[in-house]
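Got chain R; can you put chains H and D on it based on the hints?
Chains as they are written, first to last, in this note's numbering: chain R, 2 to 309; chain H, 95 to 372; chain D, -6 to 414.
These are calculated hints, taken from the structure and not from any lab test.
Careful, some of the hints might be misleading.
What the hints assert, rightly or not - List of simulated lysine to any residue pairs, SDA-like, C-alpha gap at most 20 Å:
1) D:412 - R:46
2) D:175 - R:152
3) D:175 - R:46
4) D:230 - R:154
5) D:265 - D:149
6) D:175 - R:156
Claimed, not checked - Some chain H residues well away from chain R (every beta-carbon gap over 10 Å; in silico):
7) 98
8) 102
9) 132
10) 155
11) 161
12) 165
13) 166
14) 220
15) 260
16) 268
17) 359
In this text, all values refer to a predicted model and were calculated from it rather than measured experimentally.
We treat Cβ as the ideally placed atom computed from N, Cα and C, and that holds for glycine.
These are the residues of each chain, in order.
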Amino acid sequence: MSAPGGERRRQRNRTFWFWTFVGPFVAGLALFTYVPLAWSVYLSFFDAHNTVSPTDFVGFGNYTAMLGDPAFRSSLLTFTVFTAFIVPATYALSLGLALAVNRLRFAQAFFRSVFFLPAACSYVVAAMVWKMSVFNGVRFGLANTVLGWFGAEPVAWLAATDPPWYWLVIITVRLWLQAGFYMLLFLAGLQRIPVRLYEAAALDGARPGWQTFRHITFPALRTTSVAVVLLLVVGAFQAFDEFYNLLSGARGYPPYARPPLVHLYYTALGQGQDLGLGSAGAVILALIILVVTVVQARWSGLGRREEY
Amino acid sequence: MDDALVRAGRALRLALLIALAALFLIPFYLLVRNGLASEAEITAPDWTLFPRDPHWSNVRELFADPDVPMAHALLNSSLIAVATTAGTLLLASLAGYGLARIPYRHANAVFYAIVGTLMVPAAVTFVPSFVLVSSLGWVSSLRGLIVPTLFSAFACFVFRQYFLGFPRELEDAAQVDGLGYWRTFWRVVVPNSRPVFAAVGTIVFIGAWNAFLWPLVIGQGRDSWTVQVALSTFTTAQTVNLHELFLAAAVSILPLLVVFLFLQRYIVAGVERSGIDD
Amino acid sequence: MPINRRTLMAGAAGLALTGGLATACGTNTGRGGGGSGRPRLSQWYHQYGEAGTRQAVGRYAAAYKDADVRVEWRPGNYEQQSSAALLTDSGPDVLEVSGPTLDQIHSGQIVDLTDVIADVKGDFGQAVLAPKTYDGRVWGVPQLVDTQVLYYRKSLLQAAGVRPPRTLDELVDAAGRLTTAKVKGLFLGNDGGAGVLGGTPLHAAGLSLVTDEGAVGFDDPAAARTLGTLHRLYADKSLLLGAPTDWADPSAFVQGLTAMQWSGLWALPQIKRAHGEDFGVLPFPPDGPAGRPAVPVGAWSAAVSARSGHRDAARAFVKWLWVERTDLQEDFALSYGFHIPARTSLAARADRLRNGPAAEIVRFTTDHGFPAQPLLWTPPSQTTYQDALNRIIKGGADPATELKSAVRKAEAELRRMRKGS
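Just chain R, same shape as in the assembly (with noise of 0.2 Å):
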């Protein structure tokens, strides 16, 4: 039975059979990110304007570039406010809804289904709403004629930089779009806490309310957190859709409120076509999410529970 030649076999079995699950798709992966990847990581060191099979090697020459444009530095320092703050914000919203969600008795489906609504819509319908609707500039627009009611004067919220109510428009958009699908993780999270974990509660004499959610609910929906945390940083640094449909016009974009990937696109991507310069900018981008993901999931945790 446990003779080293039927071990043997049975590994070669057992490789056989991974990758006959697993290959499909790694094959697929490797074929339409990885070559891509590779490709952009090779542009990234050549001057590559309008071509993509360039000859003129410049070294790290666009990397120093890049780091070096105040405008790209400055989108980078924006973006890690920008982080620091929506990423609560929508942690806070959608944990807050998951919370009184579950504990209704009666049209849970429902309020369930209005909060999720929104991640159908995509963010271009979003986007029009909210800049030709809801935040428009002139006095009818649904905001400012709540303004009105409290006789204040409209506001162009958009073009608005002196006080920036740009971010007012950007942040409820993005909130809109996002709670409902992070409550929906949280709340499957809540289905999970056992219920004996409350009655245990109960007994020690912990109130129900902000004690139960300090000492019982909070900490049993740790990996939840933990999970939800890292896709809303890695969607922040991602940033572009909302950004690129609301505040961008035919001729440009405004010089406040720019993403890196959006700097990536006015300056290199789009029609400038510096291919090369663009590359290097994504591939600093994508190494600062890494290492954000990496020293988050070490310090909570994530990386746990990969073995068999």
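Chains H and D in isolation, oriented as in the chain R frame:
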């Protein structure tokens, strides 16, 4: 006294939820409202809650627009979204199961190589991807629209996490019956994992339905326009056709709502079991 | 366990379906010969907003006998799509470009069209042809001319006791006095004007983005003064901001949200329908001692991809449509939207451009037209300059400091261009 307080708290919470739900629904209302308004009513300074006489003819106009094959675009999007979803589910669930359950020395390395791709913004590899697919001769073909999008690292990640938490006893019983990995997967694992398939399927479907740049660039020719591409045609360099834009946007969301409302019960159960939170 | 088998079967059937469809819908890139022996050409246009244009260009293509021309009508971001497509063999043979860009010329992506246009070269305005010409060679055949002007409501100006502004200071003053609680004085786009104005204020000050000699054209204190004046419009709150539609669409002007709007020639028919005789047109008013009225001129032009398998056929088609068939060129410019034909001889005899504001606008472009998009003005220069302009107008930033960084960037780009040639 205490009881009254609790009841008041509960009422307050409910009121808050209702208010939030109303806020969340406003954009949907605006889509329908503007879609049924006349062009002038949308930008008119005097706001009406609902168009005084709803232009139902807008619907006919939208589907009869000679420049925008809306019905055909809906068909294309459905076809692409269904095919993408089916293909992604098949590939990602197989891979996820293999990674979670079949012992192999380099399984972890493979897993990290897959998850690592999540960090790379897709916009960035766009030009090389396009050149690659075009050199395969897949431009303007359904193949080009669908196949490159089938390999979703996100879906694979979710499936793997789910299968890690799949009750082993069920599989062990199957192994005792002499079923190999392949037949265990199809006969035991898949039938008991419908929720996770529903959850991943919904998310992939939404993504495929809402995709814009790839279908736009690969699908050359009006015959291969998807709904999102059709939507974009109402905004041109010179004019914006507002009422058709809003109406078309409302129409474009409708199929998703149906899909979601139908699957949502499974989705909640699915996310719960997926172990995405582990 | 019947269910799993069914699942499996359904999955397999689904795959088979996909595969079958994919094979059935083979590629259709417009490349390769048809059976008839005529070469097959693919021609790209960006999506024009005016009804009927798409059908018209289809008719032109069908009328051509020497090749089987298929028209591709591209919605969405045209520049991004066309520049990606030019990198591959499945792109267009003939395409519309707003440039071409100098990088496209340098990297050999498009074909020299000098002899295609040779016979009629004198029939194009200098402002139109110059951005298509490099080192004496022509790289694009202008299809039609677009321009932008200041529209104003005569009645509102009269009521406010303001005369049509003839200098930039008068414009700022007029915009302030025309602004009421319900109507703003001026609409320069939702970003406050940085996007649409571009180099226009520089020309109004007697300067330019790039000089004819290929140097930066706004390294001058006058530039800072003029651009600084624009900030007053914003500071006075006379600018309409955040309208539901942008400057290119006349809705804000038509709906009475603003007394004056900077918009395209294409908006004229709609404005005329709404306001009848109650509107006038002006060029961008001059500023300073060297000032002159400024009218930006841009032209879409036809280019031929260097990767085309039928370059000669493509050139022949461009020559037929955009050089020889003046009847179609006039139809294209004037029968659907409202543009100026690229050829001056056509513009001069077109009925719809003979009188009223349209005639005035044509005169503006001949007298004061300047290329809105000079060939040496690259996207990086444009982005940096536009950022600076935006910060000056809306942020009240110091024009001199802001312009300095724009000058630096533009100089670096000009150096790169010289190296690339």
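Pairwise hint evaluation, residue 156 (chain R) against residue 175 (chain D), where the allowed Cα distance is 20 Å at most: OK: residue 175 (chain D) and residue 156 (chain R) at ~14 Å, within 20 Å.
Verify this label for me: residue 98 (chain H) is non-interface relative to chain R, using a Cβ-Cβ cutoff of 10 Å. Non-interface label on residue 98 (chain H) holds, nearest chain R Cβ at 16 Å vs cutoff 10 Å.
Can we trust that residue 161 (chain H) is non-interface, i.e. its beta-carbon lies farther than 10 Å from all of chain R? Answer for residue 161 (chain H): holds, closest chain R Cβ roughly 19 Å.
Decide, holds or violated, for the assertion that all CB atoms of chain R are farther than 10 Å from the CB of residue 165 (chain H). Its Cβ never comes within 10 Å of chain R, the nearest being 19 Å, so this holds.
Is it correct that the beta-carbon of residue 268 (chain H) has no partner in chain R closer than or equal to 10 Å? holds, 14 Å
Tell me if the straight-line CA distance from residue 230 (chain D) to residue 154 (chain R) falls inside 20 Å. holds, 12 Å
If we take the beta carbon of residue 155 (chain H), is the closest beta carbon in chain R still more than 10 Å away? holds, 19 Å
With a cut-off of 20 Å on the C-alpha distance, tell me whether residue 175 (chain D) and residue 46 (chain R) pass. Status violated; Cα separation ~55 Å.
Non-interface claim for residue 166 (chain H), where every Cβ of chain R lies beyond 10 Å: Given that every Cβ of chain R is farther than 10 Å from that of residue 166 (chain H), nearest at about 19 Å, it holds.
Against chain R, does residue 260 (chain H) hold up as non-interface, every C-beta pair farther apart than 10 Å? holds, 13 Å
Given as non-interface: residue 102 (chain H), which should sit over 10 Å from chain R by C-beta: holds, 13 Å
Does the claim that residue 220 (chain H) lies off the interface hold, with its Cβ farther than 10 Å from every Cβ of chain R? violated, 7 Å
Figure legend: structure checked against the earlier numbered hints; hints not met, in rising order: 3, 14, 17.
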